[in-house]
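Residue numbers for the sequence shown follow this note's numbering, so the first one is 1317 and each next one is one higher.
I should point out that these hints are in silico values taken from the structure, not numbers from a laboratory.
Remember, predicted model here, so these are calculated numbers, not experimental data.
Misleading hints may appear alongside valid ones.
[Stated by the list, open to error] Each computed DSSO-like pair below joins lysine-lysine, with the alpha-carbon atoms no more than 27 Å apart:
#  : residue 1 : residue 2
1  : Lys1443   : Lys1361
2  : Lys1342   : Lys1383
3  : Lys1442   : Lys1428
4  : Lys1355   : Lys1428
5  : Lys1320   : Lys1442
6  : Lys1384   : Lys1442
7  : Lys1320   : Lys1361
8  : Lys1409   : Lys1428
9  : Lys1442   : Lys1355
10 : Lys1342   : Lys1355
11 : Lys1320   : Lys1383
12 : Lys1409   : Lys1443
13 : Lys1342   : Lys1409
14 : Lys1439   : Lys1428
15 : Lys1409   : Lys1361
16 : Lys1320   : Lys1439
17 : Lys1355   : Lys1443
18 : Lys1443   : Lys1428
19 : Lys1428   : Lys1383
20 : Lys1342   : Lys1320
21 : Lys1439   : Lys1342
22 : Lys1409   : Lys1320
23 : Lys1439   : Lys1361
24 : Lys1361   : Lys1384
25 : Lys1355   : Lys1383
26 : Lys1384   : Lys1409
27 : Lys1439   : Lys1409
28 : Lys1355   : Lys1320
29 : Lys1384   : Lys1443
30 : Lys1361   : Lys1442
31 : Lys1320   : Lys1443
32 : Lys1383   : Lys1361
[What the hints assert, rightly or not] Computed beta-carbon distance windows for the label pairs:
#  : residue 1 : residue 2 : range
33 : Glu1486   : Arg1351   : 37 to 43 Å
34 : Ile1464   : His1424   : 31 to 37 Å
35 : Ala1462   : Leu1419   : 28 to 34 Å
36 : Asn1522   : Ala1462   : 17 to 23 Å
37 : Lys1355   : Met1521   : 28 to 34 Å
38 : Thr1415   : Thr1556   : 18 to 24 Å
39 : Ser1539   : Asn1387   : 24 to 30 Å
40 : Ser1482   : Ala1540   : 34 to 40 Å
Each residue gets a CB set at the ideal place from its N, CA and C atoms; glycine is no exception.
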Amino acid sequence: MSTKTVLITGASSGIGFDIARGFLEKDFNVVLNARDIDKLTATTKALGNENRIALVSGDIGIQETGKKMVNAAIDRFGSVDVLVNNAGIFGLKPFLENTEEDLDNYIHINLKGTYFVTQAVVKQMKKQGGGNIINIGTVLIMHAMAGIPASAALVTKGGVHALTTSLASELAADNIRVNAVAPGVIRTPIYGDVDVDAFGGVALMNRVGEVQEITEAVLHLASASFTTGIIMPIDGGYVTGRA
């Protein structure tokens, strides 16, 4: 059995599900989180390797959930080596139409959730002598689009980018690396019935991304031992140019 364990939030579908698949293929133990235990259970069955999977359902915006994830990792597998802060919400609404409730919801999941789970994990990583944290941001922080009015979501994802660079500096002396992947348009369930391929033209590669391409980047950062504090765009060239 692997001596390494990864914790993944928002793991019941889309990018989180595929990241879990990727780490299992690398012989990691995985602790999966999502709010819906039924979806998590279905995820486990779909992934297989149930002996290397632990489930923790709960709202990551509540501090206790991150602590439960760490406890599950230690009790079941003995270590916390990698954290992937994947859970997040996104939506479109013009700036003047956002309510206090809208903003609070994004802050609760995207920012507080990432912050609290990371706090719980860092306490354990310091005890172990190091670790690796990978956050999921968005390229829209680096280059916004007029046709995507998402200020409430993006202000919180911008906070995730800031947390990444800040913690990379603060935790380097503890042998804890902190990086982020910033996806462009990726084919995931978050788009619902929208024709996601219609967005392909914004990228130099003239297509949208697939979830496994985010997984590849996350796995790279998990093993890139001399890399910390970077925000890695996985966007087909959206940030650097146009097709």
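Consistency of the hints with the structure:
1. Lys1443 <-> Lys1361: Distance of about 33 Å is beyond 27 Å: violated.
2. Lys1342 <-> Lys1383: OK: Lys1342 and Lys1383 at ~25 Å, within 27 Å.
3. Lys1442 <-> Lys1428: holds (21 Å)
4. Lys1355 <-> Lys1428: It holds: about 23 Å lies between the C-alpha atoms, which stays within 27 Å.
5. Lys1320 <-> Lys1442: Between Lys1320 and Lys1442 the Cα gap is close to 15 Å, so the pair holds against 27 Å.
6. Lys1384 <-> Lys1442: Judged against 27 Å, a Cα distance of about 17 Å means the pair holds.
7. Lys1320 <-> Lys1361: Distance ~21 Å between Lys1320 and Lys1361 Cα, so the pair holds.
8. Lys1409 <-> Lys1428: holds (21 Å)
9. Lys1442 <-> Lys1355: Violated, at roughly 32 Å.
10. Lys1342 <-> Lys1355: holds (23 Å)
11. Lys1320 <-> Lys1383: holds (18 Å)
12. Lys1409 <-> Lys1443: violated (43 Å)
13. Lys1342 <-> Lys1409: violated (39 Å)
14. Lys1439 <-> Lys1428: holds (17 Å)
15. Lys1409 <-> Lys1361: At roughly 36 Å apart (the allowed maximum being 27 Å), Lys1361 and Lys1409 break the hint.
16. Lys1320 <-> Lys1439: Judged against 27 Å, a Cα distance of about 17 Å means the pair holds.
17. Lys1355 <-> Lys1443: violated (32 Å)
18. Lys1443 <-> Lys1428: Between Lys1443 and Lys1428 the Cα gap is close to 23 Å, so the pair holds against 27 Å.
19. Lys1428 <-> Lys1383: Holds - the C-alpha atoms of Lys1383 and Lys1428 are around 14 Å apart, at most 27 Å.
20. Lys1342 <-> Lys1320: Cα-Cα ~10 Å, so holds.
21. Lys1439 <-> Lys1342: holds (25 Å)
22. Lys1409 <-> Lys1320: violated (41 Å)
23. Lys1439 <-> Lys1361: Outside the cut-off at roughly 31 Å; violated.
24. Lys1361 <-> Lys1384: With Cα atoms ~22 Å apart, Lys1361 and Lys1384 stay inside 27 Å; holds.
25. Lys1355 <-> Lys1383: Answer holds: Lys1355 to Lys1383 is near 21 Å, not above 27 Å.
26. Lys1384 <-> Lys1409: violated (34 Å)
27. Lys1439 <-> Lys1409: violated (37 Å)
28. Lys1355 <-> Lys1320: Within the cut-off at roughly 25 Å; holds.
29. Lys1384 <-> Lys1443: holds (17 Å)
30. Lys1361 <-> Lys1442: violated (33 Å)
31. Lys1320 <-> Lys1443: At roughly 15 Å apart (the allowed maximum being 27 Å), Lys1443 and Lys1320 satisfy the hint.
32. Lys1383 <-> Lys1361: With Cα atoms ~25 Å apart, Lys1383 and Lys1361 stay inside 27 Å; holds.
33. Glu1486 <-> Arg1351: 37 to 43 Å: Violated - the Cβ-Cβ distance for Glu1486 and Arg1351, about 29 Å, lies outside 37 to 43 Å.
34. Ile1464 <-> His1424: 31 to 37 Å: violated (22 Å)
35. Ala1462 <-> Leu1419: 28 to 34 Å: violated (21 Å)
36. Asn1522 <-> Ala1462: 17 to 23 Å: holds (20 Å)
37. Lys1355 <-> Met1521: 28 to 34 Å: holds (32 Å)
38. Thr1415 <-> Thr1556: 18 to 24 Å: violated (35 Å)
39. Ser1539 <-> Asn1387: 24 to 30 Å: holds (26 Å)
40. Ser1482 <-> Ala1540: 34 to 40 Å: 19 Å Cβ-Cβ, so the 34 to 40 Å window is violated.
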